[in-house]
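Student: Quick note, the sequences are listed as chains A and B, same order. 805 is the number of the first residue of the first sequence in this note's numbering; add one for each residue after it. 805 is the number of the first residue of the second sequence in this note's numbering; add one for each residue after it.
Accuracy of the hints is not assured; some may be wrong.
If chains are identical, the list can't say which one is meant, so a pair holds when it fits in one copy or spans any two.
To be verified - No more than 16 angstroms apart at the CA atoms, straight line, and that leaves these computed lysine to aspartate or glutamate pairs for EDC-like:
#1 K854 x E921
#2 K919 x E886
#3 K899 x E876
#4 K860 x E807
#5 K813 x D824
#6 K919 x D892
#7 K822 x E840
#8 K849 x D835
#9 K854 x E876
#10 K849 x D824
#11 K870 x E820
#12 K899 x E840
#13 K860 x D892
#14 K919 x E876
#15 K885 x E807
#16 K885 x E921
#17 K860 x D824
#18 K854 x D894
#19 K854 x D835
#20 K860 x E921
#21 K860 x E820
#22 K870 x E840
#23 K870 x E921
#24 K899 x E921
#25 K919 x D894
#26 K854 x D824
Calculated directly from the structure, the hints in this document are not laboratory data.
Protein chains: 2
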Amino acid sequence: MVEYAYFVKGGAMIPELKYDTNGLIPAIIQDVNNNEVLMMAYMNKASLEKTLEAGKTCFWSRSRQKFWIKGETSGNIQLVKEILYDCDADTLLIKVQQVGAGACHTGNRTCFYRKIEVA
Amino acid sequence: MVEYAYFVKGGAMIPELKYDTNGLIPAIIQDVNNNEVLMMAYMNKASLEKTLEAGKTCFWSRSRQKFWIKGETSGNIQLVKEILYDCDADTLLIKVQQVGAGACHTGNRTCFYRKIEVA
């Protein structure tokens with residue numbers, strides 16, 4: 805589904821974006837300091853608005869079906885520095901300053917800590 | 805749906821991964837040289853196997869519903885250098901050497917060339 809451009813509280817403009825049939829858009833989270841990809845999670849319209857208004861990442865948890873402020877429990881919040889979107893307007897790339905030990909619930913800095921061994 | 809670990813032609817092992825209800829897994833493509841995120845696209849089981857076997861990225865095009873070797877027409881192929889997967893085993897991060905002008909069909913190096921202005 806396409807959401808047309810509109811302004812949110814605080815004055816930021818959300819451009820025309822394409823959400824999937826569940827109303828979600830994937831957001832790649834990247835460390836603004838070293839460009840490491842930390843995680844990927846999903847936003848809906850409300851959580852993207854909240855991310856812009858609060859200046860920290862907020863997602864929609866598909867498994868728990870609820871709004872999720874990243875780091876609300878652990879303290880490992882992500883301060884939003886830049887938000888980009890792709891040519892198809894169906895994926896976000898958010899550059900953040902990661903607070904605390906890291907982004908992953910396993911204690912790793914990045915969720916991408918395992919490798920497929922290419923033969 | 806969960807696919808258990810198995811070996812592909814050439815000897816690489818694909819670990820247990822979670823594909824969505826359409827049999828797809830998102831793949832973030834990152835430039836191995838400067839860590840720039842170039843694009844995101846989707847793979848199914850067959851296109852991931854092909855990616856490992858051929859050493860260049862192959863996707864599943866959701867809009868055209870067909871197998872898609874990146875750069876087959878433009879020549880802007882992506883040579884696979886490293887494949888990582890996340891803590892939930894439902895997202896891939898693929899580091900590539902991008903051949904040619906870039907990853908985006910618009911002529912930009914990255915598909916993420918537009919910014920949401922944070923107020």
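Student: If a hint holds in the structure, say so; if it does not, say that too.
Tutor: Against the structure, the hints come out as follows:
| no. | hint | verdict |
| --- | --- | --- |
| 1 | K854 x E921 | between (39 angstroms within a copy, 15 angstroms between copies) |
| 2 | K919 x E886 | between (28 angstroms within a copy, 7 angstroms between copies) |
| 3 | K899 x E876 | neither (19 angstroms within a copy, 31 angstroms between copies) |
| 4 | K860 x E807 | neither (22 angstroms within a copy, 34 angstroms between copies) |
| 5 | K813 x D824 | neither (24 angstroms within a copy, 34 angstroms between copies) |
| 6 | K919 x D892 | between (28 angstroms within a copy, 13 angstroms between copies) |
| 7 | K822 x E840 | neither (26 angstroms within a copy, 23 angstroms between copies) |
| 8 | K849 x D835 | neither (23 angstroms within a copy, 29 angstroms between copies) |
| 9 | K854 x E876 | within (14 angstroms within a copy, 40 angstroms between copies) |
| 10 | K849 x D824 | within (11 angstroms within a copy, 21 angstroms between copies) |
| 11 | K870 x E820 | neither (24 angstroms within a copy, 26 angstroms between copies) |
| 12 | K899 x E840 | both (10 angstroms within a copy, 11 angstroms between copies) |
| 13 | K860 x D892 | neither (24 angstroms within a copy, 22 angstroms between copies) |
| 14 | K919 x E876 | neither (29 angstroms within a copy, 26 angstroms between copies) |
| 15 | K885 x E807 | neither (23 angstroms within a copy, 37 angstroms between copies) |
| 16 | K885 x E921 | between (33 angstroms within a copy, 10 angstroms between copies) |
| 17 | K860 x D824 | neither (23 angstroms within a copy, 27 angstroms between copies) |
| 18 | K854 x D894 | neither (18 angstroms within a copy, 25 angstroms between copies) |
| 19 | K854 x D835 | neither (20 angstroms within a copy, 30 angstroms between copies) |
| 20 | K860 x E921 | between (35 angstroms within a copy, 15 angstroms between copies) |
| 21 | K860 x E820 | neither (21 angstroms within a copy, 32 angstroms between copies) |
| 22 | K870 x E840 | neither (27 angstroms within a copy, 31 angstroms between copies) |
| 23 | K870 x E921 | neither (35 angstroms within a copy, 27 angstroms between copies) |
| 24 | K899 x E921 | between (28 angstroms within a copy, 13 angstroms between copies) |
| 25 | K919 x D894 | between (27 angstroms within a copy, 13 angstroms between copies) |
| 26 | K854 x D824 | neither (19 angstroms within a copy, 26 angstroms between copies) |
Comparing the model with each numbered hint stated earlier shows that hints 3, 4, 5, 7, 8, 11, 13, 14, 15, 17, 18, 19, 21, 22, 23, 26 do not hold.
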